[in-house]
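**Q** Sequence:
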Amino acid sequence: MKNCSKKTTLIRLAVLGACLLIGGLAVLFQPLVVQVDRSAQTWETVVIDPGHGGFDGGCIGVNGVYEKDINLSIAKVFNQLCMFMGYDTVMTRYTDTALCNGEITGSLRQQKIEDINNRLAILERQKNAVCVCIHQNKFTDSDQHGAQMFYGIKEPASEGLAKAMQSAFVSQLQPDNTRQIKRGDSSVYLLTQSPIPIVLSECGFLSNQEECEKLSGAEYQGQVAFTLLTGLVNWGSGVE
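Residue numbers for the sequence shown follow our numbering, so the first one is 1030 and each next one is one higher.
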């Protein structure tokens, strides 16, 4: 969908005390009121990458929830919000599957390598695009909580997107969040290889009881998705 031309557009998305229906789900959001100048915007497509999937469950929450399922749920709402705002979208996966041919062939390591290479191939095929990877965190210290953004190293614009998204989490959802954005390293292949601006959002800690319960629920998942959208829109308008 390409409803948004590259000219200055006033976008007012104010949903205060009201409900936005997304895929049949009513979710309450904080207001987002921004003026977006798309004349300088060089991208049109948002690639949405829900981390893990299929054989790769990611980390497991204290309540037994799999990271892969939370990632996909948030990604689906984020996808609909992006389309609502007029962006083209590409999702690396829509279902609980890994991106490899035949999930029972080869070693787990071989399957994981194929999966990540296929995700990278999707990014490499996109023109005028940005990528948002959706993940959850886990740590031995169960007190750790809060979202944190990691950004790609090849495209300088990645850092600005990470700043905007981190700021959105603080202003919209997690006012006590003091985490700082971090540059990607070799432990996250997509962040070192992506040819387009990319941010990996660790939306919260599944090792923290309270945050895990929130992230397992549809309402908070919707709020996280809306917060990601806030950061994306602010970044696109030059606000970090």
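Wrong hints could be hidden among the right ones.
Calculated cross-link-like contacts (lysine-lysine; reagent style DSSO-like; alpha-carbon spacing at most 27 Å) [to be verified]:
#: 1; residue 1: K1243; residue 2: K1211
#: 2; residue 1: K1105; residue 2: K1156
#: 3; residue 1: K1141; residue 2: K1156
#: 4; residue 1: K1167; residue 2: K1192
#: 5; residue 1: K1105; residue 2: K1243
#: 6; residue 1: K1192; residue 2: K1156
#: 7; residue 1: K1211; residue 2: K1192
#: 8; residue 1: K1211; residue 2: K1183
#: 9; residue 1: K1141; residue 2: K1167
#: 10; residue 1: K1156; residue 2: K1211
#: 11; residue 1: K1183; residue 2: K1243
#: 12; residue 1: K1243; residue 2: K1167
#: 13; residue 1: K1156; residue 2: K1243
#: 14; residue 1: K1243; residue 2: K1192
Keep in mind that the hints were calculated from the coordinates and are not lab data.
**Q** Each hint: holds or not?
**A** Going down the list of hints, with the structure as the test:
Between K1243 and K1211 the CA atoms are separated by roughly 24 Å; this keeps the pair inside 27 Å, and the hint holds. A distance of roughly 22 Å separates the Cα atoms of K1105 and K1156; the hinted pair therefore holds under the 27 Å criterion. A C-alpha spacing of about 26 Å is found between K1141 and K1156, which places the hinted pair at or below 27 Å, so the restraint holds. The hinted pair formed by K1167 and K1192 meets the criterion: a straight-line CA distance of about 22 Å does not exceed 27 Å.
The suggested pairing of K1105 with K1243 holds, with an alpha-carbon distance near 17 Å, which does not exceed 27 Å. A hinted pair counts as satisfied when its Cα atoms are at most 27 Å apart, and K1192 with K1156 qualifies at roughly 23 Å. Taking the CA atoms of K1211 and K1192, the gap is about 10 Å. The hint holds against a cut of 27 Å. Proximity of K1211 to K1183 is assessed by CA-CA distance (about 14 Å); at most 27 Å being required, the pair is judged to hold.
A C-alpha spacing of about 20 Å is found between K1141 and K1167, which places the hinted pair at or below 27 Å, so the restraint holds. Proposed proximity of K1156 and K1211 is supported: the alpha carbons are some 25 Å apart, at most 27 Å. Using a Cα cut-off of 27 Å, the hinted pair K1183 and K1243 is violated, with the two alpha carbons roughly 34 Å apart. For a cut-off of 27 Å, the pair hint linking K1243 to K1167 stands: about 15 Å separates their Cα positions.
This hinted pair does not check out: K1156 and K1243 have alpha carbons roughly 35 Å apart, beyond 27 Å. The hinted pair formed by K1243 and K1192 meets the criterion: a straight-line CA distance of about 24 Å does not exceed 27 Å.
The structure fails hints 11, 13 (numbered hints given earlier, in ascending order).
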